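**Student:** Please build the complete structure, drawing on both the sequences and the hints.
Chains as they are written, first to last, in my numbering: chain A, 1 to 281; chain B, 282 to 598.
Hints in this document: simulated from the structure, not taken from any laboratory. Each hint should be verified, as a subset may be incorrect.
Derived pair list, reagent style DSSO-like, types lysine-lysine, alpha-carbon separation capped at 30 Å [stated by the list, open to error]:
{"hint": "1", "chain 1": "A", "residue 1": "K208", "chain 2": "B", "residue 2": "K526"}
{"hint": "2", "chain 1": "B", "residue 1": "K391", "chain 2": "B", "residue 2": "K329"}
{"hint": "3", "chain 1": "A", "residue 1": "K208", "chain 2": "A", "residue 2": "K89"}
{"hint": "4", "chain 1": "A", "residue 1": "K208", "chain 2": "B", "residue 2": "K392"}
{"hint": "5", "chain 1": "A", "residue 1": "K193", "chain 2": "A", "residue 2": "K208"}
Here chain B is said to cover these stretches of chain A; the calculated rule only asks that three of the stretch's residues, wherever they fall, bring their Cβ under 8 Å from a Cβ of chain B [claimed, not checked]:
{"hint": "6", "segment": "60 to 71"}
{"hint": "7", "segment": "131 to 137"}
{"hint": "8", "segment": "215 to 228"}
Computed from a predicted structure; not experimentally measured. Idealized CB from N, CA, C, for every residue including glycine.
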Amino acid sequence: MIEIAVALIVWIAAWMLNAQLANGPSSDSTAVRLLVPAIFGVTLIVIWELVVRGLNVPPVILPAPSQIGATFVTMLPILWQDFVQTILKGGLSGYVIGCTAAVLVAILADRFDFLRRGLLPVGGFMAALPIVGTAPILVMWYGFGWQSKAAVVVIMVFFPMLVNTVAGLRDTSSMQRDLMRTYGASWWQTLIKLRLPAAMPFIFNGLKISTTLALIGAIVAEFFGSPTVGLGFRISTSVGQLALDAVWSAILVSALAGSAFYGIMALIERGVTFWHPSQRT
Amino acid sequence: MKSAFLPVVTVVLAIIAFWYVAALPMNIHETLTAAENAGISVNGGDAKTRAAASGIVLALENAGLAAGGWSLDRPRLPAPHQVAAEFYETTIQEEVFGRRGFVQSGEFSKKSLIYHGGITLSATLLGFVIGTALGILLAVGIVHSRTMDMSVMPWAIVSQTIPIIAIAPMIIVVMYAAGIQGIIPKAVISAYLSFFPVVVGMVKGLRSPDQMQLDLLQTYNASKSQGFWKLRLPSSVPYLFASLKIGISASLVGAIVGELPTGAVAGLGARMLAGSYYGQTAQIWAALFAAAILAASLVGLISLIERRTLRRMGVQP
Chain A
1 MIEIAVALIV
11 WIAAWMLNAQ
21 LANGPSSDST
31 AVRLLVPAIF
41 GVTLIVIWEL
51 VVRGLNVPPV
61 ILPAPSQIGA
71 TFVTMLPILW
81 QDFVQTILKG
91 GLSGYVIGCT
101 AAVLVAILAD
111 RFDFLRRGLL
121 PVGGFMAALP
131 IVGTAPILVM
141 WYGFGWQSKA
151 AVVVIMVFFP
161 MLVNTVAGLR
171 DTSSMQRDLM
181 RTYGASWWQT
191 LIKLRLPAAM
201 PFIFNGLKIS
211 TTLALIGAIV
221 AEFFGSPTVG
231 LGFRISTSVG
241 QLALDAVWSA
251 ILVSALAGSA
261 FYGIMALIER
271 GVTFWHPSQR
281 T
Chain B
282 MKSAFLPVVT
292 VVLAIIAFWY
302 VAALPMNIHE
312 TLTAAENAGI
322 SVNGGDAKTR
332 AAASGIVLAL
342 ENAGLAAGGW
352 SLDRPRLPAP
362 HQVAAEFYET
372 TIQEEVFGRR
382 GFVQSGEFSK
392 KSLIYHGGIT
402 LSATLLGFVI
412 GTALGILLAV
422 GIVHSRTMDM
432 SVMPWAIVSQ
442 TIPIIAIAPM
452 IIVVMYAAGI
462 QGIIPKAVIS
472 AYLSFFPVVV
482 GMVKGLRSPD
492 QMQLDLLQTY
502 NASKSQGFWK
512 LRLPSSVPYL
522 FASLKIGISA
532 SLVGAIVGEL
542 PTGAVAGLGA
552 RMLAGSYYGQ
562 TAQIWAALFA
572 AAILAASLVG
582 LISLIERRTL
592 RRMGVQP
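**Tutor:** The following block contains the structure:
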């Protein structure tokens with residue numbers, strides 16, 4: 001029980017430290033802004049470790065963070081293969097295809113108003129549906145390989161991306177469009193020089209939402225059948241073997257991949273839409 | 282909304298037409314095999330060469346037989362009317378006319394999608410209510426405590442970028458090992474999927490009153506709790522509803538995925554899994570449509586409540 005007491009003390013001490021930092025004089029500085037959540041995260045992990053040890057929680061219920069870390073390191077080569085299979089092959093290729101297709105359809109829908117008025121409600125409706133349910137069908141069609149996962153990802157990212165891009169392409173004022181007309185700009189020139197750049201904040205919003213959806217699609221599709229590699233496969237088989245440390249390692253990989261993927265898109269966004277008010281510091 | 286009806290109908294009809302056309306090359310291999318077994322000569326060589334040929338080429342070569350792909354027993358892509366028929370059989374037919382149906386026996390038949398949809402819906406709603414309640418509580422804490430804001434909020438935002446649904450199989454199995462099964466594990470998954478959108482939206486909403494409004498309350502000598510109940514909470518309602526709509530569809534996905542890993546026997550996810558094991562494609566599609574209808578009605582219901590609430594509150598005309 002000594003560990004539980006220590007855990008309690010650690011919690012109170014860390015919380016008081018954070019309260020000091022957050023309400024202190026330099027609470028707006030970047031260092032404190034990074035430090036406070038870091039302390040909170042580390043505290044949670046320490047408490048997790050102490051509680052698991054103190055209460056002798058069996059590893060088939062909840063493994064300790066140290067054990068997960070050790071497993072993560074020893075499994076690194078396997079997890080790397082899973083990462084390549086699920087994220088790079090399944091997720092990324094589907095993401096690229098789906099987002100490209102959605103932008104092209106959005107441009108088409110923007111060109112023909114009738115199409116836009118029809119597609120937008122349908123797209124908004126589809127974006128709210130549990131599209132991940134198409135996974136068993138697509139796995140049946142395209143086999144167990146990464147192609148079926150890419151197909152699920154394509155469908156999952158398509159509609160949110162479509163809705164965002166269509167909204168973005170309409171986000172120019174009539175004053176701006178009139179200016180282009182006085183320049184004698186053609187529809188294409190207006191699209192390339194005015195409307196696509198103006199749509200970029202919306203497009204990147206869609207791209208960022210889609211990163212998470214892509215990973216969800218790629219992982220869940222593997223629950224319906226996969227070769228003996230992949231994050232979803234690792235999670236479902238390791239759960240079956242009650243090897244929870246391996247499951248947590250795979251979850252850690254998907255969490256890291258998810259935040260990295262999102263972070264990369266956010267960085268690109270900052271470079272592309274540097275003119276937008278939300279990017280000014 | 283100026284006359285969206287005609288364009289929407291056109292798009293939907295175009296999708297259905299495309300579906301019918303796509304069903305032909307998708308099912309052509311099975312169609313030709315069935316035709317050959319029935320003694321009809323087919324173009325495109327024997328079964329082996331056909332297996333390697335593309336569906337579109339085969340469908341064009343056997344244009345007369347291809348329509349058989351709309352009435353196969355176990356098609357790769359069932360035609361819309363087959364899905365509709367399966368859907369009708371497993372809902373109205375089963376419940377109203379079936380021996381085990383609701384009308385005859387007083388309880389929902391275990392073979393009907395209404396029964397499976399109900400199982401999934403109950404887990405979804407329970408999880409959604411728990412997740413939303415916890416999310417609102419945490420948001421209130423975050424808005425009132427700077428320490429909590431700085432410690433928890435970055436993690437709540439990061440959690441939106443990671444595929445948390447990957448934890449679902451583990452939650453099911455661990456809770457099963459701990460002796461908890463049935464609706465609770467699925468509700469837990471639904472709860473944590475709807476939790477983070479609600480936290481993020483609610484924090485945004487509680488912070489939405491601008492300085493002028495806060496200052497006005499100060500001049501009225503309003504206490505902190507009065508400021509919360511009379512200004513912050515009402516102005517957070519539009520944001521809350523936006524998050525609720527995201528949360529409820531996330532909850533439904535959570536409940537469906539929660540039914541996959543343990544080989545659950547009931548629920549829409551279990552229906553899909555069973556369909557994919559036994560090659561009953563029409564069954565998967567019917568379950569998919571049931572899930573879509575469920576999601577659409579849940580989101581529609583929240584939109585309706587949103588509209589009425591906001592109108593009562595005077596936010597919208």
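**Student:** So, for every hint listed, does it hold in this structure?
**Tutor:** Outcome of the hint check:
Only pairs whose Cα atoms come within 30 Å are accepted, and K208(A) paired with K526(B) is accepted, the gap being roughly 19 Å. For the hint linking K391(B) to K329(B), the alpha-carbon distance of about 41 Å lies beyond 30 Å, and the restraint is violated. Proposed proximity of K208(A) and K89(A) is supported: the alpha carbons are some 19 Å apart, at most 30 Å. At most 30 Å may separate the alpha-carbon atoms for a hinted pair to count; K208(A) and K392(B) exceed this at roughly 40 Å.
The suggested pairing of K193(A) with K208(A) holds, with an alpha-carbon distance near 23 Å, which does not exceed 30 Å. Against chain B, the segment 60 to 71 of chain A contributes 3 residues with a C-beta closer than 8 Å to a partner C-beta. That satisfies the three-residue criterion, and the hint holds. Judged by the Cβ-Cβ criterion of 8 Å, the segment 131 to 137 of chain A is covered by chain B as claimed, because 5 of its residues qualify and three suffice. Remark: the segment 215 to 228 of chain A is confirmed as covered by chain B, as 7 of its residues place a Cβ nearer than 8 Å to a Cβ of that chain, reaching the required three.
Comparing the model with each earlier hint shows violations of hints 2 and 4; every other hint is respected.
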